[in-house]
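> Residue numbers (the working numbering), protein chains in the order written: chain A, 25 to 440; chain B, 25 to 440.
Any given hint might turn out to be false.
Below are the DMTMM-like pairs computed for lysine to aspartate or glutamate, each with C-alpha atoms no more than 25 Å apart in a straight line [unchecked claim]: (1) A:342 / B:267; (2) B:409 / A:140; (3) B:433 / B:136; (4) B:242 / A:274; (5) A:409 / B:340.
Quick caveat, the hints were computed from the structure, so don't treat them as lab data. All of these numbers come straight from a predicted model, not from anything done at the bench.
Number of protein chains: 2
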Amino acid sequence: MNDKKRYKELLDNINQYNAGEIGITRIAYSNEEQTCTHAFMRMCKAENMEIRLDDCGNMIARREGKIADLPPVVMGSHLDTVYQAGKYDGAVGVTAGLEVIKRLNDKGIVTDHPIELIAFACEESARFGVSTVGSKAMVGKINKEMYRYLKDRNGITMEKAFSLCALDFNSIDQASRKEETFKAFFELHIEQGPILENEKKKIGIVTGIAAAVRFILKIIGTSSHSGTTPMNMRKDALLGAAEIALALEEAAIQEREYGTVATVGELDVYSGAMNVVPGEVQIKVDIRSTSIESRQRVVDHLYKTISQIINKRQVEVKDKVIGMEAPVNLSSELMDIVEQICVKKDIAYRHMQSGAGHDSMNMVELGPTALIFIPSKEGISHNPKEHSDLEDILDGIDILEEAVLQCAKVTTITDV
Amino acid sequence: MNDKKRYKELLDNINQYNAGEIGITRIAYSNEEQTCTHAFMRMCKAENMEIRLDDCGNMIARREGKIADLPPVVMGSHLDTVYQAGKYDGAVGVTAGLEVIKRLNDKGIVTDHPIELIAFACEESARFGVSTVGSKAMVGKINKEMYRYLKDRNGITMEKAFSLCALDFNSIDQASRKEETFKAFFELHIEQGPILENEKKKIGIVTGIAAAVRFILKIIGTSSHSGTTPMNMRKDALLGAAEIALALEEAAIQEREYGTVATVGELDVYSGAMNVVPGEVQIKVDIRSTSIESRQRVVDHLYKTISQIINKRQVEVKDKVIGMEAPVNLSSELMDIVEQICVKKDIAYRHMQSGAGHDSMNMVELGPTALIFIPSKEGISHNPKEHSDLEDILDGIDILEEAVLQCAKVTTITDV
Numbered sequence: 025m026n027d028k029k030r031y032k033e034l035l036d037n038i039n040q041y042n043a044g045e046i047g048i049t050r051i052a053y054s055n056e057e058q059t060c061t062h063a064f065m066r067m068c069k070a071e072n073m074e075i076r077l078d079d080c081g082n083m084i085a086r087r088e089g090k091i092a093d094l095p096p097v098v099m100g101s102h103l104d105t106v107y108q109a110g111k112y113d114g115a116v117g118v119t120a121g122l123e124v125i126k127r128l129n130d131k132g133i134v135t136d137h138p139i140e141l142i143a144f145a146c147e148e149s150a151r152f153g154v155s156t157v158g159s160k161a162m163v164g165k166i167n168k169e170m171y172r173y174l175k176d177r178n179g180i181t182m183e184k185a186f187s188l189c190a191l192d193f194n195s196i197d198q199a200s201r202k203e204e205t206f207k208a209f210f211e212l213h214i215e216q217g218p219i220l221e222n223e224k225k226k227i228g229i230v231t232g233i234a235a236a237v238r239f240i241l242k243i244i245g246t247s248s249h250s251g252t253t254p255m256n257m258r259k260d261a262l263l264g265a266a267e268i269a270l271a272l273e274e275a276a277i278q279e280r281e282y283g284t285v286a287t288v289g290e291l292d293v294y295s296g297a298m299n300v301v302p303g304e305v306q307i308k309v310d311i312r313s314t315s316i317e318s319r320q321r322v323v324d325h326l327y328k329t330i331s332q333i334i335n336k337r338q339v340e341v342k343d344k345v346i347g348m349e350a351p352v353n354l355s356s357e358l359m360d361i362v363e364q365i366c367v368k369k370d371i372a373y374r375h376m377q378s379g380a381g382h383d384s385m386n387m388v389e390l391g392p393t394a395l396i397f398i399p400s401k402e403g404i405s406h407n408p409k410e411h412s413d414l415e416d417i418l419d420g421i422d423i424l425e426e427a428v429l430q431c432a433k434v435t436t437i438t439d440v
Numbered sequence: 025m026n027d028k029k030r031y032k033e034l035l036d037n038i039n040q041y042n043a044g045e046i047g048i049t050r051i052a053y054s055n056e057e058q059t060c061t062h063a064f065m066r067m068c069k070a071e072n073m074e075i076r077l078d079d080c081g082n083m084i085a086r087r088e089g090k091i092a093d094l095p096p097v098v099m100g101s102h103l104d105t106v107y108q109a110g111k112y113d114g115a116v117g118v119t120a121g122l123e124v125i126k127r128l129n130d131k132g133i134v135t136d137h138p139i140e141l142i143a144f145a146c147e148e149s150a151r152f153g154v155s156t157v158g159s160k161a162m163v164g165k166i167n168k169e170m171y172r173y174l175k176d177r178n179g180i181t182m183e184k185a186f187s188l189c190a191l192d193f194n195s196i197d198q199a200s201r202k203e204e205t206f207k208a209f210f211e212l213h214i215e216q217g218p219i220l221e222n223e224k225k226k227i228g229i230v231t232g233i234a235a236a237v238r239f240i241l242k243i244i245g246t247s248s249h250s251g252t253t254p255m256n257m258r259k260d261a262l263l264g265a266a267e268i269a270l271a272l273e274e275a276a277i278q279e280r281e282y283g284t285v286a287t288v289g290e291l292d293v294y295s296g297a298m299n300v301v302p303g304e305v306q307i308k309v310d311i312r313s314t315s316i317e318s319r320q321r322v323v324d325h326l327y328k329t330i331s332q333i334i335n336k337r338q339v340e341v342k343d344k345v346i347g348m349e350a351p352v353n354l355s356s357e358l359m360d361i362v363e364q365i366c367v368k369k370d371i372a373y374r375h376m377q378s379g380a381g382h383d384s385m386n387m388v389e390l391g392p393t394a395l396i397f398i399p400s401k402e403g404i405s406h407n408p409k410e411h412s413d414l415e416d417i418l419d420g421i422d423i424l425e426e427a428v429l430q431c432a433k434v435t436t437i438t439d440v
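The shape of chain A in the complex, shown without the other chains (with noise of 0.2 Å):
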């Protein structure tokens, strides 16, 4: 079987796991990213690495290297997805991994280095409004105390949902390497932006990583008749709403040139019915940045447009930040190895920032970390429609076990 062909199946293989009859549905901590995470340990098995789950959840397989006790080079992204996502983000960057481990015990390589290979817990907000958990936890930057009691839709704790999954949350520590130094990590991703695909790039060197912030607002106003009710003596808590995310697009429109985005991704009406006018709404909202400058200019006017309206609809506003990351560099080092790489092998690329947050972000703590995007159709993701080319995942998969071998290096080819 060519690595083609077996490429294919290992990702097919991986969205067999699902939820949803319209996308992908493996939503964090759920009974198909957990079947899918077990399934793929043992295949990581199967190619000789050791596997262990640490107490967050994260998946670690490791192919030992020569050399005792150096610095691990590292692969990994994530299994879980959005409610109705595609079936490429974060499962392309997860079997990338194992296809090159395969492609390393085919050719009988042994290398210095270890390599790992790691399918990070939760990366996605979908589920518990905060994002790449597994990675915060192997970094040790976990906020416990505020982490436990987060919600899902079902009004099912993080704590909970850890313990359906045989995992215990009061252990959510023990899953820190902070001590640890990694050679090189490194994460394959698709875009899920448009710009490669426009500019016809084959390869996404990542420089930065935007950060985000995120609010929970909950709009008070008074629920009334909507028949009898005049419109002058309405405190209509979704119309407050509507104005927010209005404002809100309007001021990242203005800030077009830093790339800076505002999102209201989700809207709960309280008691929602035809004929009451709505007493209370919760919105989500998500802005990000790579320039702090920027997203906090979107977030002042988030405020003033708040207290215009607290003031013209006599409702009330409270605000509660569930997220603030700040941007982040990635290694310039491997951002070099990665480009000569694209030159030797005629791959067309470019440098980039990601407007999309990855686990990646948290790894630059441990080492030199460096994402290599690949194109998405129509830059379109976390909807069904989500595609990247096989062939343009392949060429990802070749650069990657190229920058993972010149990390790890190569003293030592066995026969196979």
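Starting from the structure of chain A, add chain B where the hints point.
Same frame as chain A, now just chain B:
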């Protein structure tokens, strides 16, 4: 026991049937509403009324008159509520009717005409998006094949809800009494608006009922990643919905001289997540006016806004009209009777229109109909804070009693 204490106990008794922790939740065809209706039926039986439940779940209690075959004088309102409702909307009218019957029994009054008391089923649209189902069925105006498949927020169809109440939806036509003519129909109801309180009036004599037009709008954009989709490449369905909601508000404010109101009471984001640009949003729109022309101008503005949004945001909008009612004028003969009683009793009153729909608007098909309002504190309704003073309710009951007696004609007072 005096009438005041007796009546308060009756109303309190009804409000024990409650599924909610905040306010009263007694949704149509729910366990709470059914138990309440059946308990109320037993209370009517205890007052020597003939009782029956029709094929739509309307509870009908009848006190025979002295002369055979005379048409009935009917009192009625509803026992179902919205989610997190108050204690007065609907319940006041039904319990007032029973209090009137108790008074007649106490006084040994026999009327020429029979008197009926009806607790209409499913007056509120909170569950299925359609209102006054019971009174519509009674006047033979049910769109059976449309209603059958309407779903509540848990996906339960109206047909299924009927079957859980041991009602056969296929028999709903048998609830029709359109071959009958009532002598008169009276509904006592809380105003649910601020006018009586503001003007220090105790009774509102309703001249006409505003007509509602209702839409379900589905805005379909493209869900995509909130971090990687530039603002100018988004097809954000939620922002489209936000613009529609705000445009409706603006259009209704323009029509303020007609008392026209427009509301988006429900908004659902499909597969909403903090890091996903919303791809599909459904909203429910309710527009009401006593002026058909004014209402139409708001509807026209709605459609103009929709086409602007389709162009601007590259989204698709599907619209469905789920209700289109005509304004109703009430009986001037009964208005005069009520007015004269107010004058005689020296109770401050005014004529007014109703912004809310009521079962009365259907009952005009069966005979002269009167709708009598009592004040609502601060005009708040469909809200746990809904309040009407007991003294005001008792004034309303006095007027209801006398109006019913005038129409039903008293020729005999037996010893008690």
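> A separate judgement is required for each hint: does it hold in the structure or not?
Structure-based check of each hint:
1. A:342 / B:267: 23 Å, holds
2. B:409 / A:140: 61 Å, violated
3. B:433 / B:136: 5 Å, holds
4. B:242 / A:274: Roughly 23 Å separates the two Cα atoms, so the pair holds.
5. A:409 / B:340: Holds: residue 409 (chain A) and residue 340 (chain B) sit about 17 Å apart, inside 25 Å.
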